[in-house]
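Residue numbers (the working numbering), protein chains in the order written: chain A, 85 to 318; chain B, 135 to 953.
I should point out that these hints are in silico values taken from the structure, not numbers from a laboratory.
Glycine included, C-beta positions come from ideal geometry on N, C-alpha and C.
Please note that a few of the clues may not be correct.
Not everything, but these chain B residues come out facing chain A in the computed CB check (under 7 Å) [said to hold, decoys possible]:
| # | residue |
| --- | --- |
| 1 | R147 |
| 2 | K150 |
| 3 | L413 |
| 4 | R414 |
| 5 | I416 |
| 6 | T418 |
| 7 | C424 |
| 8 | G426 |
| 9 | A510 |
| 10 | L513 |
| 11 | Q729 |
| 12 | G732 |
Computed beta-carbon distance windows for the label pairs [to be verified]:
| # | chain 1 | residue 1 | chain 2 | residue 2 | range |
| --- | --- | --- | --- | --- | --- |
| 13 | B | S139 | A | G108 | 28 to 36 Å |
| 14 | B | A564 | A | D92 | 33 to 41 Å |
| 15 | A | D282 | B | A564 | 45 to 53 Å |
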Amino acid sequence: MSVDKVSDPVLAAEDIAKVVKAPGGGDLTILHPLSLSIGDGESVAIIGPSGSGKTTLLGILAGLDLPTSGSVRLAGQALNGLTEDERAELRRGRVGFVFQSFHLLGALTALENVMLPLELAGDDDPAARGLDILERVGLQDRHDHYPNQLSGGEQQRVAIARAFASRPRILFADEPTGNLDLETGRKISELLFVLNADAGTTLVLVTHDSRLANRCGRVIGLEGGRLVKSEAAA
Amino acid sequence: MRILSTSWRQFRRELKAGELQALAGALVIAVAALTAVGAFGERVEAGLKRSANELIGGDLIVVSRYAIPDAWSARARQLGLATTSAVEFPTVAFSGDSSLLVEVKAVSDGYPLRGAVTIAPDSTAPGAAADRIPQPGEAWVDPRILGELGARMGETLELGASTYRIGAVIRVEPDRTGVFNLAPRVMIGSEGLEATGLLGEGSRARFRLLVAGEADAIESFRSWLEPRREGAFFQTLQESQRGITESLDRANRFLALAALSAVLLAGAALVLAAREFALRHIDTVAILRCLGASQRQTLAVLGLQLVWMALPAIAVGIGLGYAVQLLLVWAMGDLIPEALPAATLAPALAGIATGLLALLGFGLPPLIRLRRVPPARVLKRQDDPPRVGDWLIYVPPVLFGIALIYWQAGDLELGSYITLGLVGTIAILALAALLLIWVIGRMRGGGLGWRYGLANLARRRTANLFQVAGLGLGAMMIFLLSVVQSDLLASWRGSLPEQAPNFFLLNIHPEQTEAVAAALERFGEPEIFPMAVGKIIAINGEAPSGDQASRSRRLDGTTNLSWADELPAGNEIIAGRWWKDSSTVEVSLAESWSQRVGLGIGDRMTFQVGSRSVEAEITSIRRVDWDSFEVNFFILLSPGSVGQLPANYITSLYIPPDRFEVLSEVVRAYPNISVIDVGTILGRVRTIIDRVSLTVRVVFFFTLVAGVLVLISALRAGLWQRIYEGAVLRTLGAARKQLRAALLAEFGVLGALAGGLAAVAALATGWVVAREVFEVPYAASWLLIPLGALLGGCGIALVGVLGGRRVLTTAPVAVLRRG
């Protein structure tokens with residue numbers, strides 16, 4: 085079993101494992117039991133080759149998915165035993181996401197996408213905050229554009245604005261630069277870290293990109309579903 | 135979260151993207167169909183009620199075969215009621231050398247008490263309400279009389295021993311209901327009636343006392359008269375309008391079912407479109423869930439979009455429904471009262487309710503499945519493995535559909551038929567489709583496009599099952615409405631033969647039968663039946679129960695009896711046996727009558743005719759073809775039962791229109807014989823059939839549109855998947871031609887399957903409807919099956935390729951970037 089602990093964690097996983105039914109029958113272990121904890125304001129990169137279980141781990145840590153065994157505490161609350169809706173409520177306003185494929189809602193404008201988590205969290209003036217944060221990512225002039233009118237880099241900037249809009253305590257990013265060219269990816273990661281530093285948000289990042297990983301305070305390595313490394317970034 | 139505003143914004147975007155039209159269209163059709171039929175039915179009913187009293191000429195009518203005693207009208211006047219009287223009887227009118235069978239109505243001052251007779255100075259002039267009755271020596275006539283007798287205004291008309299001057303043409307006679315206009319009307323004043331000598335013994339006159347006034351006084355008069363009325367009866371609205379009510383009932387039932395088929399199909403389109411809507415929003419749901427929206431919130435955001443779509447759709451549906459009911463009123467023509475009251479808001483409210491319920495029952499259940507979209511889908515897009523219980527979301531639409539069926543059918547048995555038929559049809563369609571898809575999936579060979587198309591068909595088995603069932607259902611409705619409906623109507627009309635008897639001759643004295651038969655032998659050999667008017671005085675030795683008594687006889691308490699050696703043509707023994715020996719004492723009953731009165735084989739009946747009584751045992755039950763217009767009797771006795779009962783004779787025969795003068799000869803020779811012109815009734819029945827089928831077609835147009843919507847919705851399902859795969863294939867170097875061939879193969883085979891199966895289902899449905907509803911034999915057009923397959927194959931292939939244009943034209947890179 086792999087263990088990695090910090091004191092006063094904002095996110096703590098205890099012996100979590102994920103086993104799924106293999107298509108041909110039998111079990112397939114995606115994550116072997118592992119424990120880890122992440123402190124408030126810390127930035128952690130999860131790295132590893134394809135199929136090593138990085139994204140599965142991120143999903144479990146964020147409460148999007150449940151482990152087969154083990155427990156997760158997010159922002160001081162145990163996820164085990166919570167219903168889907170209770171986990172959603174826990175995420176609301178406290179957790180932000182940035183995805184590889186942006187996942188903006190095509191039916192909403194850039195501003196409306198950014199306003200979405202604010203509205204969900206019951207913010208009084210979501211439009212003002214939305215415009216404010218869009219300005220921070222340099223897209224205030226494009227606020228009424230729909231996602232299909234924006235480039236990949238712009239879409240990811242909107243996604244980052246959306247992730248930070250509700251001032252989450254913890255931000256999960258899944259290959260945030262994976263769909264972008266090198267130069268755009270560099271700008272996006274820059275933006276991500278600047279906003280993160282400003283807000284003091286805890287950041288959990290899954291990436292292939294070692295340069296991106298090295299900007300984090302700690303790097304966790306996975307291989308074949310096992311935790312093989314947890315050390316301060318180079 | 136501001137669910138309202140978020141859903142509204144998404145809705146506007148969906149609208150722009152054109153993703154909601156099929157849903158909206160289906161809802162418009164469902165609401166319009168029900169509103170149109172509802173408003174139409176309501177207006178006709180209200181119209182009949184309002185003009186009810188005008189239709190019988192007073193508030194209460196007393197009808198008798200004998201002259202109305204003066205004491206009755208005196209009593210009515212005592213109670214403060216207005217009264218007048220009228221006598222009606224058939225006779226032959228002469229003008230110069232021409233003669234014509236007419237219905238005379240002799241009216242007294244004050245007629246009619248409700249409504250007015252509209253008359254005109256000649257047959258082309260506009261009519262005006264008459265403020266008097268015909269003066270002595272004056273006759274008002276139906277315009278037909280002028281034409282058929284070749285008479286002009288002011289010329290004379292002989293009725294019996296009297297001569298009348300034609301003074302006016304009757305445009306509207308309030309208490310003559312439109313359906314059964316027998317011979318044309320001649321209206322005279324009652325003053326000179328006696329002088330005509332036409333009201334002698336054996337005349338078929340009907341005497342009417344018309345009464346009008348306060349409802350309380352009418353009621354007291356009625357209760358006063360009840361114990362004294364003897365053979366007379368009260369004419370109620372139902373009685374006087376039975377013909378019109380029955381045909382309107384039949385029309386309304388058809389219309390309700392036609393509307394139902396539209397609503398059910400629209401429901402199927404709603405389910406399919408909503409399912410597609412749900413599938414397209416899986417990612418949206420995952421993202422919203424990921425951002426912390428609860429299941430309720432996400433469902434509300436999506437469900438409300440359907441509501442935003444539904445509100446204007448329902449409004450449009452109601453508007454369309456009201457417009458179409460105007461069309462229905464027009465199509466019904468003179469079968470319904472001329473000035474109908476305006477439609478009320480009730481059908482609109484029912485339309486709103488139906489629309490919202492349809493949305494709830496058909497549209498929302500597919501969204502429920504979105505509750506289970508895992509938020510982790512944002513990280514790894516995996517297709518949800520189909521889980522057990524998915525079919526549960528189709529339970530509410532099916533239950534809702536069944537509830538609708540029972541509501542519209544308004545009849546448990548009919549509702550069950552339709553439900554079973556529909557469920558069976560869908561099950562058979564799906565099973566047959568499954569089998570055929572399995573077979574086709576094993577066929578290989580042909581070019582890349584063909585092979586890929588067929589492989590797709592087999593691979594997307596579940597989706598294709600839906601499509602074949604949906605397409606099949608839509609196509610089945612279309613076939614039912616076009617081919618099968620015309621077959622059915624042709625069969626129905628065919629059940630009224632062109633050469634059906636058009637005249638009944640009644641009151642033929644026994645000694646006249648041979649001479650009458652000889653005079654009419656040119657027109658075939660009409661069967662002449664004896665007819666006696668009797669009373670049923672006992673059943674199984676006891677006086678008939680009140681219920682049996684009221685069901686077994688006419689309003690005046692009598693029953694017609696006849697007797698015969700041989701089973702008459704058009705009769706079929708369904709229980710017991712026909713008498714072998716005419717000397718036995720037996721009775722045979724018509725099926726419908728025996729069921730109504732509750733009698734069967736072995737029961738004994740005692741009849742009284744004049745001073746004689748006859749007791750006989752029921753030994754057979756007959757099924758009688760009443761539609762044939764031949765003379766038929768509920769009660770037939772064996773000749774041995776009757777001995778020498780006092781009887782007159784009756785016959786029916788077909789006389790071609792150019793030979794009607796034969797009847798005049800017969801009537802001149804034997805003035806006691808009454809002639810009834812059923813040709814007019816037949817013509818009227820045909821008109822009713824034509825009008826009813828026209829209105830049914832109007833409503834079926836909705837069904838047709840709903841069927842097309844089902845086709846569109848079924849084809850849209852899976853379009854995005856096809857676009858994506860097309861893009862992948864094109865990156866691999868597939869030419870558009872090959873992709874087009876694949877689409878053609880897949881949709882062509884799908885359409886041919888659906889079309890062929892739909893034709894089979896439509897023919898089977900037609901057969902059942904012909905047997906159970908119309909009770910006519912059904913001549914199926916078997917050619918419909920290959921034709922259906924061909925039409926389905928070509929049509930769906932064409933629509934598929936047109937609809938799948940985006941598969942061919944969307945740039946692969948755009949598709950693949952979207953992932």
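Hint-by-hint comparison with the structure:
no. : hint                           : verdict
1   : R147                           : holds (4 Å)
2   : K150                           : violated (9 Å)
3   : L413                           : violated (15 Å)
4   : R414                           : violated (10 Å)
5   : I416                           : violated (12 Å)
6   : T418                           : holds (6 Å)
7   : C424                           : holds (6 Å)
8   : G426                           : holds (3 Å)
9   : A510                           : holds (4 Å)
10  : L513                           : holds (5 Å)
11  : Q729                           : violated (61 Å)
12  : G732                           : violated (63 Å)
13  : B/S139 with A/G108: 28 to 36 Å : violated (48 Å)
14  : B/A564 with A/D92: 33 to 41 Å  : violated (60 Å)
15  : A/D282 with B/A564: 45 to 53 Å : violated (59 Å)
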